[in-house]
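J.: Those protein sequence lines, which keep their order, are chains A and B.
So for the first sequence, this note's numbering puts the first residue at 4; every next one is plus one.
So for the second sequence, this note's numbering puts the first residue at 42; every next one is plus one.
Don't read these hints as lab results, they were simulated from the structure.
Just so you know, these numbers come straight off a predicted model, no measurement behind them.
Just so it is clear, CB atoms sit at the ideal spot from N, CA and C, and this is done for glycine as well.
Be a bit skeptical, because a hint or two may be false.
Example chain A residues on the side facing chain B (calculated, C-beta under 10 Å, incomplete) [to be verified]: (1) His-191; (2) Ala-327; (3) Trp-328.
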Amino acid sequence: MSGVEDPALARDFAAYFETKMPDARNAVVTALTRIHGGASRQTYAIDVAFDSPGGRIQKELILRRDPADSLIDTERKVEFAAIRSMRGIDIPTPEALFLETDPGPLGAPFFVMGRIEGGMALNPFKIDEIDPHRAAVGEQFFRQIGRIAAAPVEGSPLAGVIDSPAPEECWRRELDYWAGEIEKDRLHPEPIAAAAIRHLRRNPPPPAQRLSIVHGDFRSGNFLHDGQGRIIAVLDWEMAHIGDPFEDLAWATDPLWCANDTERAAGFIPWPDAIAAWEGASGCQFDAQAFEWWSLFASVKAIGIWVSSARAFADGENDDPILAWSGWFTHAAHELTLAARLAPKYGVELPS
Amino acid sequence: MTDIAMILDKLGRRLVSDVAPQLEGTYAGGQAGMVGLMAVMAGEAWDGAADRLVREIDGARALLKAGGVEDDTRAESLAISELTQVRDRLMGQLVALQAQIETDTSETARALNARIWGFFLASAHERMPSPPDFPEPDTEAGDPA
Numbered sequence: 004m005s006g007v008e009d010p011a012l013a014r015d016f017a018a019y020f021e022t023k024m025p026d027a028r029n030a031v032v033t034a035l036t037r038i039h040g041g042a043s044r045q046t047y048a049i050d051v052a053f054d055s056p057g058g059r060i061q062k063e064l065i066l067r068r069d070p071a072d073s074l075i076d077t078e079r080k081v082e083f084a085a086i087r088s089m090r091g092i093d094i095p096t097p098e099a100l101f102l103e104t105d106p107g108p109l110g111a112p113f114f115v116m117g118r119i120e121g122g123m124a125l126n127p128f129k130i131d132e133i134d135p136h137r138a139a140v141g142e143q144f145f146r147q148i149g150r151i152a153a154a155p156v157e158g159s160p161l162a163g164v165i166d167s168p169a170p171e172e173c174w175r176r177e178l179d180y181w182a183g184e185i186e187k188d189r190l191h192p193e194p195i196a197a198a199a200i201r202h203l204r205r206n207p208p209p210p211a212q213r214l215s216i217v218h219g220d221f222r223s224g225n226f227l228h229d230g231q232g233r234i235i236a237v238l239d240w241e242m243a244h245i246g247d248p249f250e251d252l253a254w255a256t257d258p259l260w261c262a263n264d265t266e267r268a269a270g271f272i273p274w275p276d277a278i279a280a281w282e283g284a285s286g287c288q289f290d291a292q293a294f295e296w297w298s299l300f301a302s303v304k305a306i307g308i309w310v311s312s313a314r315a316f317a318d319g320e321n322d323d324p325i326l327a328w329s330g331w332f333t334h335a336a337h338e339l340t341l342a343a344r345l346a347p348k349y350g351v352e353l354p355s
Numbered sequence: 042m043t044d045i046a047m048i049l050d051k052l053g054r055r056l057v058s059d060v061a062p063q064l065e066g067t068y069a070g071g072q073a074g075m076v077g078l079m080a081v082m083a084g085e086a087w088d089g090a091a092d093r094l095v096r097e098i099d100g101a102r103a104l105l106k107a108g109g110v111e112d113d114t115r116a117e118s119l120a121i122s123e124l125t126q127v128r129d130r131l132m133g134q135l136v137a138l139q140a141q142i143e144t145d146t147s148e149t150a151r152a153l154n155a156r157i158w159g160f161f162l163a164s165a166h167e168r169m170p171s172p173p174d175f176p177e178p179d180t181e182a183g184d185p186a
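Whole structure, please, built from the sequences with the hints as guidance.
T.: Dropping the structure here:
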């Protein structure tokens with residue numbers, strides 16, 4: 004990596020870095036590049052060189068700074084705490100270094116993570132690019148969802164910054180939140196989402212088998228792999244919370260994240276293999292009724308995110324084109340998914 | 042030159058195929074690719090937007106009438122913005138109507154609810170844009186991560 008795209012940000016960051024690293028002197032940002040995507044935060048790859056008692060060294064970092072608005076309205080402290088909650092658990096995450104809630108140093112709250120070199124993200128629309136490592140990555144993918152579900156909640160950093168619902172209230176809390184987001188941010192009536200929300204309220208899932216840390220956005224596109232069949236980092240923890248472990252399983256297997264592959268779970272491996280990997284790692288038992296509810300909910304939650312994106316773009320709060328894409332294409336995709344799943348339940352015969 | 046669909050298509054393809062590759066690996070390059078992609082999609086959507094809205098309006102009005110809700114509000118013109126206003130008004134009423142009948146177990150109510158869901162499904166299909174196919178698209182384009 005080379006070049007400093009934003010010299011003022013580089014200068015401010017170097018000064019901040021020295022305040023957080025008491026042994027660091029003469030810190031200089033040698034490279035700073037904004038990374039495309041990740042509209043929920045402004046994301047920069049930064050190389051910083053500094054004198055330490057052991058000599059001059061360089062660190063490769065990621066800066067995640069809040070934009071004026073984002074895809075997801077969450078506090079950065081949640082993301083930071085969620086990553087820290089994975090310490091000691093076999094989930095590869097970036098090193099969480101600094102959390103800054105004061106907008107003073109860089110103009111907006113932000114946090115800093117270690118950068119994982121050599122990792123590649125998998126575009127959900129081009130999932131075939133994972134071949135020939137599809138099965139290996141898929142098996143890890145579902146085991147990691149399970150491991151997150153099995154991670155201890157009590158005493159975790161995440162439990163220190165957000166509250167825990169009762170097991171029988173997990174579904175209602177999430178549905179209320181995302182229904183509220185849709186109502187608050189919608190630019191037009193959302194008849195399909197509204198009908199889906201009412202359907203979900205009339206047909207609640209069983210209580211959570213256990214309270215778990217929920218990543219909230221675990222899917223293809225939000226992990227890095229090494230090109231050799233190994234997942235080396237799980238990213239984007241900004242929607243993490245405590246809830247029902249089926250939420251992550253259902254979100255990860257939403258059709259949008261695997262180009263509508265119905266044969267394989269999340270586009271990776273056969274469903275029985277995926278469920279076995281998840282059950283083995285999570286200690287939970289697959290429940291078709293719970294999964295059905297949470298997978299329908301996943302599409303409602305997605306519409307909530309896309310509606311908020313469209314609102315932010317239309318109101319001029321954030322003009323990143325990814326928000327327009329989200330408010331248009333992915334919104335349409337999830338409306339279609341919901342309508343195609345719910346219409347047959349209400350007597351509509353689908354063409355064969 | 043008034044062929045807006047053609048103009049948007051060509052502008053979008055120029056951005057994706059010529060401009061974005063010059064900026065490969067940069068934030069601006071990613072944005073250029075995505076703007077180009079959506080310009081091509083916008084060209085396609087522009088051509089059918091009024092037709093789609095008129096069909097949504099007619100469909101919603103017919104369902105409302107079947108549910109005993111009469112609304113003869115008409116758009117002042119065929120401008121997309123005016124058609125959208127009328128469509129949104131009718132859709133809002135359709136949401137209310139469906140919420141009212143969907144727990145009614147009578148055959149009449151169930152049949153009307155099925156018609157409403159059929160309408161939702163058909164209109165969702167029609168709103169779904171087809172992402173354009175480019176020979177060498179930006180590998181990150183489209184992922185809302």
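J.: Against chain B, with CB atoms and a cut of 10 Å, does the hint on Ala-327/A hold up?
T.: Given a least distance of 6 Å, the restraint on Ala-327/A holds.
J.: Is the hint on His-191/A kept, meaning its closest Cβ partner in chain B is under 10 Å away?
T.: holds (5 Å)
J.: With 10 Å as the cut and Cβ atoms as the points, is Trp-328/A at the interface with chain B?
T.: Holds - the Cβ of Trp-328/A comes within 10 Å of chain B, reaching about 6 Å at its closest.
When held up to the earlier numbered hints, the structure conflicts with none and fits them all.
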